[in-house]
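**Student:** Residue strings, one per chain:
There are 2 protein chains.
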Amino acid sequence: MTGPSRFSINQMTVKQLSLPELTKACLRLGVPGVGLWREPVRAYGVAAAAALVRDAGLAVTSLCRGGFFTAIDPAERARALDDNRAAIDEAAALGTDTLVLVSGGLPPGSSDLAGARERIADALSVLAPYAGERGVRLAIEPLHPMYAADRCVVSTLTQALALAGRFPSSQVGVVVDTYHIWWDDTAPDAVARAGAEGRIHAFQLADWTTPLPAGVLNGRGQIGDGSIDMRAWRSRVDAAGYSGPIEVELFNEELWARDGEEVLAETARRFTAHVL
Amino acid sequence: MTGPSRFSINQMTVKQLSLPELTKACLRLGVPGVGLWREPVRAYGVAAAAALVRDAGLAVTSLCRGGFFTAIDPAERARALDDNRAAIDEAAALGTDTLVLVSGGLPPGSSDLAGARERIADALSVLAPYAGERGVRLAIEPLHPMYAADRCVVSTLTQALALAGRFPSSQVGVVVDTYHIWWDDTAPDAVARAGAEGRIHAFQLADWTTPLPAGVLNGRGQIGDGSIDMRAWRSRVDAAGYSGPIEVELFNEELWARDGEEVLAETARRFTAHVL
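Protein sequences, first through last, are from chains W and C. Note that the first sequence covers residues 2 to 277 in the numbering used here. Note that the second sequence covers residues 2 to 277 in the numbering used here.
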């Protein structure tokens, strides 16, 4: 893929749009791909959502998200595995080969990061073959270290690759997301390694803007508004051999308060100006 | 040093106390050391502050803070060097051998982290000999990656050691602060290296609590309230050969709203319960 054909809009960026509105807006604006989220897809109906985007000729570039593997309680762990099997089935039904995983934070009262990471590996050993049989690749997303306690104990691309490396690359890889790794001077080498191993299963963009909002979840900046050299990261990921879609995934209260199609058009323009 | 004699209260933890109030509270509670900040010290008068803590028999375990070396504008860089020479002089006058450095974020409009880190090295090459002549060690503090854009482009202990390693350990070392490095699985090895090189110039504690407040500056948790295994970090730093003071440095609106001496007493109790 080259140029604007690589652009994909993650559904969360314009969550004010319903799935039919999003599909129509993509068609009007010539956006070729969407990254979907499980909750709105399930609310609409998985089969109906799959038909909607397929009929519109849109590529589903990823499904967000599985994961949350760090519980200690056996019943809770079994529920997480069941939920992830369902997520894999949903990804297959939607026609995407990539399920993004947010691995989970520390269980209440625990400070054992290494133990939590090992429980992620345990869950992957169950789910990776299940995914592989259905043509779905699990993509471990390292999240920014500010989420290590409550959301994801996998904080660097190197850690994500260490986990993924226990499994075939056709089953488990990583997500490269600029928002989470831009600060890390070891990440460029990790991108190169991930590419060489065939493990870059998704590439997502968001810019880093400050001040961060309370809870630090919904402050991801529009492309070009922040501190990240987007073109440098795109070049690194290209040089690593990745030529797939590039999703823009923004969680941003200000963008959500605006007209969704206008935000989508702006995001496509920013992609052309700052990424290509 | 052993046991409670290693406890030092960083002035910022109880900033509601004036310097004389802080000194008296330390005496009443048997707290042997304080980490001071430049602004309140200068407001009180450097010589007067030095006399106050000296007469009380308190050790000044560090002075916070110099740094902010990342500007590109020559005039701004010259002002930063002047200000840091003044900070070194103040540290010497207060009788502490350690000046903590917060290195600075990205200049407005820049996304060049590597360039900013190189400008830090340039500033250190000027300041390190000046500090060495006055018996003051510069201590580079890696700040959590969530501050990389606007406060400190040095985000890991490994990066801080790479910078410090260009200079004699008697002139430049690092700060180990649990709040900033707890998430990093490469930090334990970096602590060992820092100790072997004689570069652990300060050891500070704060706990990690969520949700983070807006701006993410003033949410550092009281020891024992968060996700960090304090005793494990103390053991690692001990094993690296560090036997100096351990400062508790909390920026926390809720603690600041309470009676300062009560917070100091609570912090000393938490230190005994969770760190020793």
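Hints may contain errors.
[As the list claims (entries may be wrong)] Computed footprint of chain C on chain W, listed as stretches where at least three residues anywhere in the stretch have a Cβ under 8 Å from a Cβ of chain C:
1) 46 to 53
2) 104 to 113
3) 226 to 234
Hints in this document: simulated from the structure, not taken from any laboratory. Using N, Cα and C, we set each Cβ at its ideal position, and we do this for glycine too.
**Student:** Determine for every hint whether it applies to the structure shown.
**Tutor:** Evaluation of the provided hints:
1. 46 to 53: Violated - the region 46 to 53 of chain W has 0 residues with a Cβ nearer than 8 Å to chain C, which falls short of three.
2. 104 to 113: Since three or more residues must qualify, the claim that chain C covers the region 104 to 113 of chain W holds, with 4 doing so at under 8 Å.
3. 226 to 234: Check passed, 5 qualifying residues.
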